[in-house]
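Peer 1: Between the sequences and the hints, there should be enough to build the whole structure, so can you do that?
So the sequence lines, in the order shown, correspond to chains A and B. When you read off a place in the first sequence, starting at 1, and then add 314, the result is the number in this note's numbering. When you read off a place in the second sequence, starting at 1, and then add 79, the result is the number in this note's numbering.
Just so you know, these hints were derived from the structure itself, not from any lab. Careful: at least some of the hints might be erroneous.
With a cut-off of at most 27 Å between alpha-carbon atoms, the simulated BS3-like pairs for lysine-lysine come out as follows [unchecked claim]:
| # | chain 1 | residue 1 | chain 2 | residue 2 |
| --- | --- | --- | --- | --- |
| 1 | A | Lys421 | B | Lys253 |
| 2 | A | Lys339 | A | Lys374 |
| 3 | A | Lys331 | B | Lys227 |
| 4 | A | Lys384 | A | Lys325 |
| 5 | A | Lys386 | B | Lys211 |
| 6 | B | Lys253 | A | Lys331 |
| 7 | A | Lys424 | A | Lys339 |
Rough simulated footprint, nothing fancy, chain A against chain B, three-plus residues with beta-carbon under 8 Å [unchecked claim]:
| # | region |
| --- | --- |
| 8 | 190-200 |
| 9 | 222-235 |
Cβ coordinates follow ideal geometry from the N, Cα and C atoms, glycine included.
Here is what each chain is made of, one letter per residue.
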Amino acid sequence: MSIAPTLRPNKRYIAFKVNINGAIKTQEAVKTILREATAFFGENTASRFGLWLTEFDEQKQQGILSCNRKYKGEAVAALTLIGSVGSSDASFQVLGVSGTIKALKRKFLKDGSNMSAL
Amino acid sequence: MQFLDLCVYSTDSDGRDSRAVLEAFAKVLSSDIRFCDGARASDGLEITFDKEKDLKKQLKPALYTVLEPHSEDAASASVKVKHAIIRTRLNPVLARVMAGSSCSIELSLAPLIGSSGVRRTRALGLIRTNLKYARKYGVPILATTGAKSSLGLRTPHQVYELLRVLGLTEDEAKSAMFETPNNIIQHGELAAGGKIISETVRLV
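Peer 2: Here it is in C-alpha cells:
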C-alpha cells in the first residue's frame, strides 16, 4: 500500500560537489555528512532532517542529497561545516537546491552526470 | 545573493594557496574575496596585539584594518581606529564605543568549519554573545570565512544558510555578507584616494 501524495513528506534535493585532493567513496561521503549533521545539531534534531544521499558520482565527486523541505537550510549548513574527510582537508560545495531530481540535474548538473542510485 | 569576504589569507601571509588559486576558486564559487595579508595596497591589514603600544607600531595605511586584540586594554585601544574590523568578545562598554567609531564586529566562520567539541562550542558561544550586543548597540556585523586555503572558501548560498542557522535574520545575514563589507571597502577607497578629509567632510 502506498502513501497518498498529500501525506508524503516534502523533499528538497541538494546538488553538491566534493572538493578534495584525491577522491572519496560513496560510503565516506554518507558518513561524513551524517557525522557533521549529528555533531552540530545533535542526534534528535538531525533525525528530523531526513538526510539521504540519493546519488553519488565517485568519478566527478558530485552527489545529490535529499532532505526534508523544512530543514533545507540546516542541511546546507551541515554541508558547509564539513572541513575534512578522514585526514584530508575537503569542502562540500553546494551547487544548487531543487524540488525534483530532474530539475536539479537540468539546472546544476548539466554535463551529463554519471550518478548511480544508491 | 552576493558575498564579499574580507578575510582571506594567501601565501603572502599564513595561507596555503597562492592569490591566483584563491581568486580562481572564489570565482567558481561566485563569491568576491579580499586578502588581509597587507602585502599590497589593495589588501586589508591584519594586526594582532596585546598592548596599545604594539598597535601603534604596526598601524599603517591600508584599504581596511582587521584588529585582533588579546586583552581588555587592547580591545579598548582598538576602537580608536575608526572604521576598523574588530575580532574580539563584545561587552556593553566596548559595543557602545564601537558603534560610535563605526567599527564592525567580525563573525568568522573559520573556527566553526571542520572543528568539533570544545573549540566549536566556544566559537558558537562567542558568536551568540557578539550577536546579542551587536544588535543591542547597533554594531555592524561582518561575516568572513577566514580561509587559509581554497578549501576554506564557501559559496554565498552556503554562508547565508549557515548565518541563518546561527541565528541571524534574513536582513542581518545579507547585510553581514555584502552591505557591511562593501561599505568598509568604499570608505577605504575614499580614504586612500584622499577624498575623506575628516570623519565628517568628504570631497565630492
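Peer 1: Look at each hint and say if it fits the structure.
Peer 2: Hints, one by one, checked against the model:
no.	hint	result
1	Lys421/A to Lys253/B	holds (24 Å)
2	Lys339/A to Lys374/A	holds (11 Å)
3	Lys331/A to Lys227/B	holds (20 Å)
4	Lys384/A to Lys325/A	holds (8 Å)
5	Lys386/A to Lys211/B	holds (25 Å)
6	Lys253/B to Lys331/A	holds (24 Å)
7	Lys424/A to Lys339/A	holds (22 Å)
8	190-200	holds (count 6)
9	222-235	holds (count 7)
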